[in-house]
Each structure stands twice: as structure tokens, then as C-alpha cells.
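**Q** Position chain E relative to chain D; hints supplied.
In case you want the letters, here they are:
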Amino acid sequence: MNRNNLWRYYILGGLLTLIPLVIAYQLVHIQLDEKNKVIFEDWHKGYTGQEEILEPARGLIMDRNGDILAANKVVYEVGVNLAQVENPHTIALTMNVVLGMDYTHALGIASVVGSEDKVYSPLIDFVSEEKITQLQVLVEQMTAEYGNGRGEDVPSLSGLTFRPHLARTYPEKSLASTVLGFVNQQGLGFYGVEEYYNTLLAGTSKKVLVYNDPNQAQELPDVPDGVSLVLTIDRSIQASMEELVDWATDEYGAESATIVVMDPQTGEILALATTPRMDLNEYWRSEEIFPDGVPFDRGVSQAYEPGSVFKVLTMLAALDSGVVTPETEFMDRGVIEVGGAIIYNWNRGGWGPQTMLGCMQHSLNVCLAWVATQLGAKDFYSYLEAFGIGRLSGVELASEVEGRLKVPGDADWYDADLGVNAFGQGVSATPIQMAAAVSAAANNGRMMQPHIVKSIINKGFQQDIEPRVAGIVVKPETAQALTDMLAVSLETESSDALVEGYRVAGKTGTAEIPTPLGYTSNDTNASFVGWGPVDDPKFLVYVWLEKPSASPWGSVVAAPVFREAVEQLVVLMNIPPDNIRRQLYGQ
Amino acid sequence: MERIESLTHAYSQAPWRKQMQYLVPFLLVLVFAALLAGLYLRVNAEASTVGSEIQDMQFDIARLQRENAGLQSYLGELLSADQMQRRARELGFEPIQMDQAIYILAPGYVERQPAVLAPSYQRAVISAPVRPAEYTEPLFPWLRRHIMKILFPALESRQ
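These protein sequences, in sequence, are chains D and E. By the working numbering, the letter at position 352 of the first sequence is numbered 399, and the numbering carries on one by one without gaps. By the working numbering, the letter at position 130 of the second sequence is numbered 434, and the numbering carries on one by one without gaps.
Only chain D is shown next, with the shape it has when bound in the complex (with noise of 0.2 Å):
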């Protein structure tokens, strides 16, 4: 080794010494600075991968058929890299011609100039397919016409991005939108089923990290789709119902109509109508169609004075406890005083000897006022209760209310309340509530809990929701005698409520509408509630018209309703007439 050339081999052992130490000095120097140390962390994360949030499937919703009324479809997030643009103007010009966005905003967004902390700019979401292929097919155009060309004067769409996510859709649009609810853009549920199941439809999101390094791709996570649920709903039922309550609002000039079909063996919903309704595709829309004070489903969120149906339960109340019989005589006079109210007959007349027959089949205020004041306060309101006025009826739908029904110890109930409320007035139900309630009478005094989800649908199994008794009210012998009752006296009347070839039972209502003045207005609330075949009951249907403007009254606008849907009742469910069901059950 030549010595004069040592010092050289010195230097590089120097260097080489040197580099080491300055490289161990920078990481113990980056290890022990907070501030390097974020800006390091930061780095690894974005080279090491992405977080993304899994959201699973929103459940579907079907009728008892199982026909889909609420479903998922694609749509788009339309944004921009923004480290790709070449030419914003192109982009916020497309943006606004395509799909309607204004300009300037559009220009905004695509005008930022990208950065290591802003790679990409969401411009617009929920956007359909049609118009991404819209989109995806200009982009080629410009790619095939200009290239990759840039500056200023050159079109491109170059940074142009389209990220596929699920929304909800409604196949169905309007029908039993009211049952439905909706699903804003958050994926929030609002009224109906989507409300009330929203957080099992929705679903449970996951977060993970998906990482750059395919040697250190992993599986991703099972993320299960939203719950799904059968409803009661059965589609041409409610599809028939609706085009009923449409009609009846026209045709006698309703402010609404509402009807509720139910199987009252079981409790199961099997249409839920009302007015008005919308498309719940454009769900935006529900501030204008529900302006303030206009209940999303009237069946559920609207208690209202029933009027006379509402006598179905203080004779059932009277003929249980054994205080009156069908038979029971009484001499109306067209006036009774109870708690110092005095009360009169919807036509202010006496109409002399009558029996609970009678009463029922006339719908008599002042009898029934009587039949209330024999059964005496304490039993009345005990039953009521038992029938669930006042709470609750459970139905799984957003935005129930349980109406009023004041019971002695209130500090507002009088003695006077015992006479009114005995034929509807001063005490307030919703259509579901007094389907429940009457429900009693149609099935053998079990009131069957109301319900509209059929089963529910997890992780690939189906599991039903069996029909619940909410309580057994009555004696079977009360509902049937009390059945019999309200037939016959439609028989007797030669009611419009009548369906030829189908014996059914039922009872007329007509409300006054209470002010802040007393029953001052001519408005009324007509309702009808029936049940048939009377022998074996399969349908129960409340009729509710708010301030028809043709007839105040029930028996001539609520009762004819009521007809027309048991006609179409019976042939969407299979019921033959009276008389053939017996030959067939015969054979």
C-alpha cells in the first residue's frame, strides 16, 4: 500500500463513518420532534393506504307478497382530482349543460389547484346512471377529438371522476308512500317504516384501512346489509284502497279520507290509505305536499273526535258488564242531563221505546249516554282503557299519537265527560286505534295488537313476527251478540254500508269538529267502521272522511266508501259470498 495515498482511504473511512451517524442523528432527531413526528405519521398514512367506510345495503322493504315497495340503486358522486384537471371552464360548462349545476359553483370547485392535504372535490351527488353514460360518453368524445392537450383553449374533462354508492328508490312511487316513510340523502329515515326500523334497515357501517401494499391486502370485513322487512301490506289491497280514498275525497268533497283495512283475527294491517300522498322519490317534496299541521299518515299522527262508531264500544263495555241486554228497553225522550250537560239526539228528537237494538241501529246520543251512566264511571272508563283509548296502539310507524281520553281524577274531566264521550265526542282516536278497539268485537272480544310488519329478514334468515292479543276486552258472547246487533240494524236501515251476497256488521259516525268556541262549525268528521263476514270475520275496514262538503253525514258518505271497498275486498281476497262459502265448506 502506497503511504502517500493513505490519506484518501482516511477520508472515505471518515465519510462513510459520518453518513451513519447523521442518519441515526436525523431519525432520533425525527423520533423526539412532535412536529416531524406528525408530519411522518402523516406521510406513512397516506403511502401506507385509505380509510374508507363500508356502508352496507339498506334493507328492503316488500308487501306480504313479497313485491318490493322500497329497493337500493346505484347512483353517483360526480367529482374531480384535482391534481388531473387541465381545463376547469370545460368541466363547470359540462357540469352545468349535463346536469343542471350552476356554473360559477361548479368553476370553484374545479378550479382548486391541488394539493398533497386536497387531491379531490366531490362536485355533485346522486346522480343517476342515465346521466353518468351521459357523461362518460362526452369524456370520450373530448379525449378522442382533443386528446391529452393542454392549457387553457384546449376542452378536456380531464379529472373528471364518477364513485357508484347506493341510494334508496321507491318502485312504487306514491303507493303507501304514507306507510313507508322515506330516506333523505343522509340515509336518515323520516316517518312511516323507514322512521321506525331505521336504524335495522340501515345497517352498521365499518371503517378500515385499505392498504397500497398488496402484500399487505387483506380481506375486507363482512359488512351485512341492512335488516329487511315483509310488511302486512298486501300491494293490490292498498293500491285499491288508495284509488278508493282518492276517489271518496272527489266525490264528496273531503278535505281527506282515510281507511284502514285490517284482519282483525290477527292484527295485520292490510292496507293503510290516506290522502294526501306523495312520490317518495322526491322526497324533497313532503315540506309542500305536508305543509304545517297536515299529518304525514293520518292513520297514525291525526286524533280526532270519532262520533257515534265510537257507541261499538260503549255497548260492548255495557253488554259485558251485564248492566243492558239487546233487549234492554229505553224510553227516549230526545233529552238526557248527565253531570249538568244536556244531551240530545242527532236530530233532536225523542224517539220513544226503544231497545239497545234500537239505540244502536237509530244512533241514539241520549240511550247511549244512559247505557254510560248505568255502567257508571269508574267500569266505563276501565273498559275504554282496555281498548286502548288514549295510549299508544303500538303499530310499528313513526309518529303515532295516542289522541285523549280523560279519566276521572284529570283535572279536566267532568261528570259531564261520561255522557259525551259515550257516543265520541270529547274523547279523541286515531283511524288505528279504533280499528284496534272495534277489533274486539270482530274477534270473539280478543283485541289483537295492530301491526304492519309481517317478518324481518337478517342474515339470510326470516323470522316472523307472530300476532299478539293486546287483551281479551270482552266475552266472545258480547262481540257476537254485539255483532249481531250492528247487522241486523244494517239490515233493518237498508244501510248503503250493505254488500250484496256478504252479511257484515257496522256502525255510522258523525262528529261534530270542536273549536276553541265549542261545536260551532258546520265541518263534521264522518266515519264508518264494519267487519264481515260476520260468521267468520276476515276484514275489518275504518272509514274516515275529514269535513265532506256533499253530506255531513256518515250514513251517506262514509257508508257507501265503506261498501265499495268491502266489494273489492272480497274479490282480492277470495272470499266468496255468504252462501256459496257454506255450500263449499259443506261439500
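Simulated from the structure, these hints should not be mistaken for laboratory data. Note that beta-carbon positions come from the ideal geometry of N, C-alpha and C, so glycine has one too. It is possible that part of the hints are untrue.
As the list claims (entries may be wrong) - Here are some of the chain D residues that sit facing chain E, going by a computed Cβ distance under 8 Å:
id, residue
1, Asn-112
2, Asn-262
3, Val-277
4, Gly-507
5, Phe-508
6, Ile-512
**A** Chain E alone, transformed into the frame defined by chain D:
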């Protein structure tokens, strides 16, 4: 003294031989290390390929799930009450009225039942996952079993 030196020279190994003594093991180590590195690279490359394939498949699954959802909603639209009524009317059907219905007794007829879209919890037989014996069996019994299987296949099949 000169004689001793020349004797030492005569018995000492040639320099290239000495170098070879170090070089050969070094080369052997080098070849082994290269083999290991090659193997590692191959396994790593395969793992990377499979990893990216898994990612691609997961993207495919997500895309197919979206397509499936889209088709489901499209089916819903095609079978919606409005559409079905419109098509029925176009085909000349009209809604049946109550008095037009004819009822006959059809033996064996079962009325329309509510939708069953998935097995029920009660009917589902949930079996516990079974681990193969290979995962629980000690090595030597496993070896003996396999050797016996190869040597005496007839005996194995009789068992």
C-alpha cells in the same frame, strides 16, 4: 537458514489454493443467499399478485352487489302495481267485479301464502364448524397413519 526457508516454501500451499479455501465457502454462502433471496422474491411476488387479485375481486364483489341492487330495483319498477295494471289493460284484461267472480271447489288448492324469502331461524340447521384432523393431530401419529395408508391401502380401506 536458507535451506529451512526453501523447505517451508516447498511444503506451504500455493497462494491460489489458500484463496480458494475462503472463496469456495464464500461463494457457497453467496449462492445459498441468492437462492433464498430468489425464493423470497418469488413467494413475495406471488403474495403480491394474490393480494391484488383479492382486492380486484373485492371491488368486483362490490360492483356486482351494486349491479344486483340496481337490477332488483329495476325489477321492482317493472313489476310495480302501475306497470302491471297498464300491461294487463294493454293485453285486454280488466278488473274483475264482485258479481263476475265464479267460485268452485278445487281439491288441493292452497290459497296464496305470504312470502317466504329466506329460511326461518327455526328451520335452519346450524352446524358447528368442523376442524380437519390435520389441524389437531400430532405429527407422528399423522405420519404413521399416512405411511400405513401408503403401505397397506387394503387395510386402510377395510377400516
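**Q** Does each hint hold? Answer for all of them.
**A** Status of the hints after comparison with the structure:
At about 5 Å, the closest approach between the beta carbon of Asn-112/D and any beta carbon in chain E falls short of 8 Å, and the interface hint on this residue holds. Annotation: interface hint on Asn-262/D holds; nearest CB of chain E at approximately 5 Å, less than 8 Å. This hint holds: Val-277/D has a C-beta 6 Å from the nearest C-beta of chain E, less than the 8 Å allowed. Hint status for Gly-507/D relative to chain E: holds, with the closest Cβ pair at about 6 Å, below 8 Å.
A hinted interface residue such as Phe-508/D counts as satisfied when its beta carbon comes closer than 8 Å to some beta carbon of chain E; here the least separation is about 5 Å, so the hint holds. The criterion of a C-beta within 8 Å of any C-beta in chain E is not met by Ile-512/D, whose closest approach is roughly 11 Å, and the hint is violated.
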